[in-house]
Amino acid sequence: TSNNTLIQFNDVTLGYGSQIVLSEISFDLFENDYVGLVGPNGSGKTTLLRAILGHLKPLKGRISRTNNEKVIKFGYVPQKEHLENIFPFTAFEVVLMGTYKQVGLFSRPGNNEHDLAKQSLEHVGILHLKDKLFKNLSGGQKQRTLIAIALATQPNILVLDEPTNGMDLISQKSILDLITELHTKDRLTILMVSHLLTEVSNYVKKIILVESNHLQVGSLDEILTTANLTKMYNMPVFVDKIKGNNVVIVGEKNG
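According to the working numbering, the sequence shown is numbered sequentially starting from 1.
Heads up, some of the hints might be wrong.
[Said to hold, decoys possible] 20 Å max Cα-Cα, derived EDC-like pairs, lysine to aspartate or glutamate:
1. Lys205 to Asp28
2. Lys132 to Glu81
3. Lys73 to Glu31
4. Lys118 to Glu81
5. Lys60 to Asp28
6. Lys206 to Glu162
7. Lys241 to Glu222
8. Lys60 to Asp11
9. Lys130 to Asp115
10. Lys205 to Glu222
11. Lys130 to Glu93
12. Lys57 to Asp11
13. Lys206 to Asp28
14. Lys206 to Glu222
15. Lys73 to Asp28
16. Lys73 to Asp11
17. Lys132 to Glu93
18. Lys206 to Asp221
19. Lys206 to Asp168
20. Lys130 to Glu113
21. Lys231 to Asp221
22. Lys118 to Glu162
23. Lys57 to Glu24
24. Lys205 to Asp221
25. Lys132 to Asp115
26. Lys243 to Asp221
27. Lys173 to Glu162
28. Lys205 to Glu162
None of these hints come from the bench; they were simulated from the model.
Turn these sequences into a full structure, and let the hints guide you.
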């Protein structure tokens, strides 16, 4: 992690109208962070994500974005279920759409954009699928296509919303390995939203844990303790290591 702050929340309260979802939250996101935004469904993850992306203004407090005078560019990877069948397009055409922001609304993408789309598909390992229809791809291939769209916008922060939803274990691991590679090799700042604490904790370096109007931000060592999670979730939660991997067990532990 560098000390270059990208996004800073100062005593921020988030919500909709009179309904407050998260109150008085303060934390920083730094350049080259690898962060898991974790919490059960309905805990406020999506609200926090919308505020980070700039789609939701705070009810109170201040959110500032700085990057040594460079513009912060988000590459956003939505949940693939939201896009499952709306594309009657090939993987290449879908990724080419990711370049439209650069060329402007009424311009046609040229050679540069075509090259960028191909590079993005190659980057995520599916250039050979470029002529396949998006809707006919497997879950893992669709996810890689969506990551390629985000990469085609040439972002400095990659934001992924539940990137392994509905995938088998092998596809899950393959996608998480790819995201980790984008962080380590390309030095992309990563924010990954998930409701799966065990899964995320074996990849990220830092966790934002959201649980019914509470928010904690810290390193894995700070957040992933039996005492902390038990207190946070208000029920017994155990943290174990099996073959070097973190395992989070909710409820009474047998044996």
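Status of the hints after comparison with the structure:
1. Lys205 to Asp28: Status holds; Cα separation ~14 Å.
2. Lys132 to Glu81: 18 Å, holds
3. Lys73 to Glu31: 12 Å, holds
4. Lys118 to Glu81: At roughly 24 Å apart (the allowed maximum being 20 Å), Glu81 and Lys118 break the hint.
5. Lys60 to Asp28: 17 Å, holds
6. Lys206 to Glu162: 17 Å, holds
7. Lys241 to Glu222: Holds. Lys241 to Glu222 sits at ~15 Å (cutoff 20 Å).
8. Lys60 to Asp11: Holds: Lys60 and Asp11 sit about 7 Å apart, inside 20 Å.
9. Lys130 to Asp115: Status holds; Cα separation ~12 Å.
10. Lys205 to Glu222: Holds, because 11 Å separates the two Cα atoms, which is no more than 20 Å.
11. Lys130 to Glu93: 8 Å, holds
12. Lys57 to Asp11: 13 Å, holds
13. Lys206 to Asp28: 11 Å, holds
14. Lys206 to Glu222: 9 Å, holds
15. Lys73 to Asp28: 17 Å, holds
16. Lys73 to Asp11: The given pair, whose Cα atoms are some 24 Å apart, is violated under the 20 Å limit.
17. Lys132 to Glu93: Judged against 20 Å, a Cα distance of about 10 Å means the pair holds.
18. Lys206 to Asp221: 9 Å, holds
19. Lys206 to Asp168: 25 Å, violated
20. Lys130 to Glu113: 15 Å, holds
21. Lys231 to Asp221: It holds: about 16 Å lies between the C-alpha atoms, which stays within 20 Å.
22. Lys118 to Glu162: 25 Å, violated
23. Lys57 to Glu24: Since the Cα atoms of Lys57 and Glu24 sit roughly 14 Å apart, the hinted pair holds (cutoff 20 Å).
24. Lys205 to Asp221: It holds: about 9 Å lies between the C-alpha atoms, which stays within 20 Å.
25. Lys132 to Asp115: 18 Å, holds
26. Lys243 to Asp221: 17 Å, holds
27. Lys173 to Glu162: 13 Å, holds
28. Lys205 to Glu162: This hinted pair holds, its Cα atoms lying about 17 Å apart.
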